[in-house]
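Enquirer: Sequence:
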Amino acid sequence: SSVRINALWFLSLTSSLTAALVGILCKQWLRNYHQDTSKPPKEALAIRQLRYDSLLQCGIMDILSALPVLLGLGLILFFVGLADFLQGLDVKVLIPVAVLIAISFSFLVVTTSVSAFQYLAF
1 SSVRINALWF LSLTSSLTAA LVGILCKQWL RNYHQDTSKP PKEALAIRQL
51 RYDSLLQCGI MDILSALPVL LGLGLILFFV GLADFLQGLD VKVLIPVAVL
101 IAISFSFLVV TTSVSAFQYL AF
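Taking my numbering, the leading residue of the sequence shown gets 1, the next gets one more, and so forth.
Just so you know, the hints here were simulated from the structure itself, not pulled from any lab data.
The C-beta atom is built at its ideal place from N, Cα and C for all residues, glycine as well.
Take the hints with a grain of salt, since some may be wrong.
[Stated by the list, open to error] Pair by pair, the computed Cβ-Cβ distance ranges are:
1) R31 - G88: 43 to 53 Å
2) S104 - S65: 18 to 28 Å
3) V69 - N32: 16 to 26 Å
4) Q35 - G88: 52 to 62 Å
5) T14 - S65: 14 to 24 Å
6) L25 - L120: 24 to 34 Å
7) A66 - Y33: 17 to 27 Å
8) A66 - K39: 27 to 37 Å
9) N6 - L67: 18 to 28 Å
10) R4 - K92: 16 to 26 Å
11) P96 - S2: 18 to 28 Å
12) A98 - Y33: 41 to 51 Å
[Said to hold, decoys possible] Derived pair list, reagent style SDA-like, types lysine to any residue, alpha-carbon separation capped at 25 Å:
13) K42 - L55
14) K27 - I63
15) K27 - A44
16) K42 - S54
17) K27 - L67
18) K92 - S2
19) K92 - S106
20) K27 - R48
21) K27 - D62
22) K39 - R51
Starting from the given sequences, assemble the full structure and let the hints guide the process.
Expert: And the structure:
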């Protein structure tokens, strides 16, 4: 049981930290995209288009879209590990935490579903 709990928590931590790292890297790439070139307009336009094409080719927008999924996965893994950990403790502790986990998980599912349906509708 303790190995399973630790595995879930470390997977959660790794997932969350990976999302943070990728988010920071994407922010740096986007900052470079918006960086002023201080060149003549025609040359600046060519550089900007080259940067834009590179962003599309690398799939930065898809990577940014995947970050909330990665964070949600980390949250779910943490909650599952927490529920597993609390099972061995007193029920007086387990029930309030389980209720909060259920509310948080429901909120995550509803907001993710609504945004997915909005995305599919347009």
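Enquirer: Holds or violated: 41 to 51 Å for the Cβ distance of A98 and Y33?
Expert: holds, 45 Å
Enquirer: Would you check the hint for K27 and R48, treating anything up to 25 Å between C-alpha atoms as holding?
Expert: With a Cα-Cα distance of about 17 Å, the restraint between K27 and R48 holds, given a limit of 25 Å.
Enquirer: Given the range 16 to 26 Å, decide if the beta-carbon distance of R4 to K92 lies inside it.
Expert: For R4 and K92 the Cβ distance comes to about 23 Å; the hint holds.
Enquirer: For the pair supplied as a hint, K27 and L67, confirm whether the alpha-carbon distance does not exceed 25 Å.
Expert: This hinted pair holds, its Cα atoms lying about 12 Å apart.
Enquirer: Confirm or reject the claim that N6 and L67 have a C-beta distance inside 18 to 28 Å.
Expert: holds, 25 Å
Enquirer: K42 and L55: Cα distance at most 25 Å?
Expert: Measuring from Cα to Cα gives roughly 20 Å; hence the hint holds.
Enquirer: Need the status of pair K92, S2: alpha-carbon distance at most 25 Å?
Expert: holds, 21 Å
Enquirer: Does the structure keep K27 and D62 at a Cα separation of 25 Å or less?
Expert: holds, 14 Å
Enquirer: Going straight from one Cα to the other, do K39 and R51 come out at no more than 25 Å?
Expert: Holds, because 15 Å separates the two Cα atoms, which is no more than 25 Å.
Enquirer: Quick one: are A66 and Y33 within 17 to 27 Å, going by C-beta?
Expert: Between A66 and Y33, where Cβ atoms are some 19 Å apart, the hint holds.
Enquirer: Please check whether L25 and L120 have a Cβ separation lying inside 24 to 34 Å.
Expert: holds, 28 Å
Enquirer: For the pair A66 and K39, does the Cβ-Cβ distance stay inside 27 to 37 Å?
Expert: For A66 and K39 the Cβ distance comes to about 34 Å; the hint holds.
Every hint from the earlier list agrees with this structure, and none is contradicted.
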